[in-house]
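Asker: Whole structure, please, built from the sequences with the hints as guidance.
Okay, here's what each chain looks like letter by letter:
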Amino acid sequence: MTQAAIELRGVTKSYGATRIIRGVDLKIERGERHALIGPNGAGKSTLFNLISARTPLSSGEVLLNGTSLRGLAPHQICRLGLSRSFQITNVFPRLSARENLACALFWAGGHGHAFWRRLSRMKPLLQRADEVLHDIGLAERAQVSAGALAYAEQRALEIGMTIAAGAEVILLDEPTAGMSRSETARAEALIRKVSVGRTLVMVEHDMSVVFELADRISVLVHGEVVATGTPATIRANPQVQEAYLGKVVEATHA
Amino acid sequence: MTPSHRDLLLGWLGFALALALLPLALQSDFALSVASKIGIAIVFALSYNMLLGQGGMLSFGHAVYSGLGGYFTIHVLAAVNDGRVDLPVSLLPLVGGLAGMGFAVLLGWVSTRRAGTTFAMISLGIGELVTACVLMVPAFFGGEAGISANRVTGSAWLGIDFASQTQMYYLIAAWALVCVAAMHYLTRTPFGRLANAVRDNPERVAFVGYSTRLVRYQLMVLAGLFAGISGGLAALNNEIVTIETVGAHASGLVLLMVFIGGMGYFTGPIIGAIVVTLLQTVVSTYTHAWLFYFGLLFLVMVLFAPGGFASLLAGGSATLRAPGALQRTLPSLLLGLVALASLLAASVLAVESAYRLWSGSAKATLAWGTLQLDPASASPWLVAAVLTALGAALLVACGRIGPAKELA
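Heads up: the protein sequence lines correspond to chains H and R, in order.
Mapping to my numbering: the first sequence position 185 is 185, numbers consecutive.
In my numbering, each number is its position in the second sequence, counted from 1, plus 1000.
I should point out that these hints are in silico values taken from the structure, not numbers from a laboratory.
Heads up, a few of these hints could be off.
[Claimed, not checked] Pair by pair, the computed Cβ-Cβ distance ranges are: (1) Gly1264/R x Gln76/H: 29 to 39 Å; (2) Leu1087/R x Ile88/H: 52 to 62 Å; (3) Gly10/H x Tyr1185/R: 46 to 56 Å; (4) Ala150/H x Asp1007/R: 23 to 33 Å; (5) Ser1148/R x Pro124/H: 52 to 62 Å; (6) Gly1316/R x Ser68/H: 56 to 66 Å; (7) Gln76/H x Arg1084/R: 44 to 54 Å; (8) Val1386/R x Gly147/H: 41 to 51 Å.
[To be verified] With the Cβ distance kept under 10 Å, some of the chain H side facing chain R (calculated, not the full set): (9) His75; (10) Ser83; (11) Asn90; (12) Arg94; (13) Cys103; (14) Ala108; (15) Leu119; (16) Leu125; (17) Ala164.
For glycine and all other residues, C-beta sits at the position ideal for the given N, C-alpha and C.
Answerer: So, in structure tokens, the structure goes:
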């Protein structure tokens, strides 16, 4: 049996008496594109926060490539090769788009906290930043400060920062939220391109994106995974249809 | 060489040249000592802005690092006086820098655990603690009287013995040039970007693989180094270090300097250091009310130009660079300046009259050349009122004709 890229074992999260995540067991294989769907408030973003240690677990364990992430800080998990994006845009507003990407590349580029090298001399890193800018369609906006970018552009930058350094495991939290149809198509193509040979987990509300991209889908309802399987089995699952998909499935079949 | 490189190089050459030629323009010893103080303040303010402007860390205790740097420098200077140590005086600011850095390594470990308001409170607490220690350990800190030593000591290299203020000025200018260049270099490195990232959005920094705490800590240590150097320079310049140098007042002053100058720009703290030091040294020789003007200036800046002088200059030059902008903006610019001048005159008149009226000082009349005004009579108040009305009217008119808004 191959080792899972991400494994969740009995993960729970409670705020006081409120149980947000009620014991999730999930294995995501290497190289898999996995979508996490479910109604609002099901705990999808919370699950992402638990995996990336943005919020501490109440109980259970998360393993990345077989290594337990217990007690690790977010930056340490990032260094292990897990990169995530945020549902609410989370960029560096006063830095330019290019500088935002540079920041996302420093650690992987081996630059540590370098205060002796000039950024303008770091050609490979800046070249990579420009490549990503091109991929996310912001080549013309490289020098604009991130806070001044349009919303969809910030979303694109958010994805760019997450994938720039080439992390093995990528978590995308609603990457296409707030994007127009053409922007969504571009983002979808980009996600498909960068996720080749990597493990991708995404929370997504756009069902066409989900069924287009995902190898497997998990359905989260009230903090529990009610079903996991290929898009076809998820479509066919009556429990899932009842709980969540309903009209969407009918619509895509029609 | 790209145009931006050329501009930068020209800027540095201009800065170095200005520092080198300044003593020729300044004839009096007083002016030279003011220039020396400005040089020290520039290094201190820039080191403070590494925290505030670059890293988003509001510190209320930055004088701890400059002050302790000063104490260590003066002790080593005293040792050179006694012949216990043989070090060139020109290198002693480095002792201050290392001391400042050492204490930042120690105290920063605690204070940078948290950001935001908590960091500010911890820095305030550390400032009070250190001030208390200075009083409690008179053997090292000299109690209220402080520690003094003589900078004309050791072997003079090439006849430079720092006996004159001119030589001291050049030492300060040289150190200031090196420190300003080093701090500017830092802003252009990955570390400088990470500091900005921590300022903008600490949470995301963790998700690009960095510990925000470590970045803050490193910033603190480097800021401590430069603050210590400024403290060492001050120790050599004044030949005495007292408790005021570590106190809350000094820490507050540097915050005001950086704010007035503009923390969003590298040049902001430099401008702030110049303006505040001039107020402190030059304006204070004319009036005891200088602190009042200082407070007034701070308030006006906070309310109307929160980006500081640097942002006013940047906005102004950007507006004026547009084609035909000078002709368009000149009338409103002049009008605005006249308005500000008359408002300034009105407030000076009112403040000075009030000060003379209530302080009960012997010099009870206001005298400008042949013009004599008695604060007890209605005349200065009437003039102030008229000037205020004039200034306000001009400001309104200035706003009407437009382009001045672009400048603000």
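Asker: Can you list which hints this structure breaks, lowest number first?
Answerer: none
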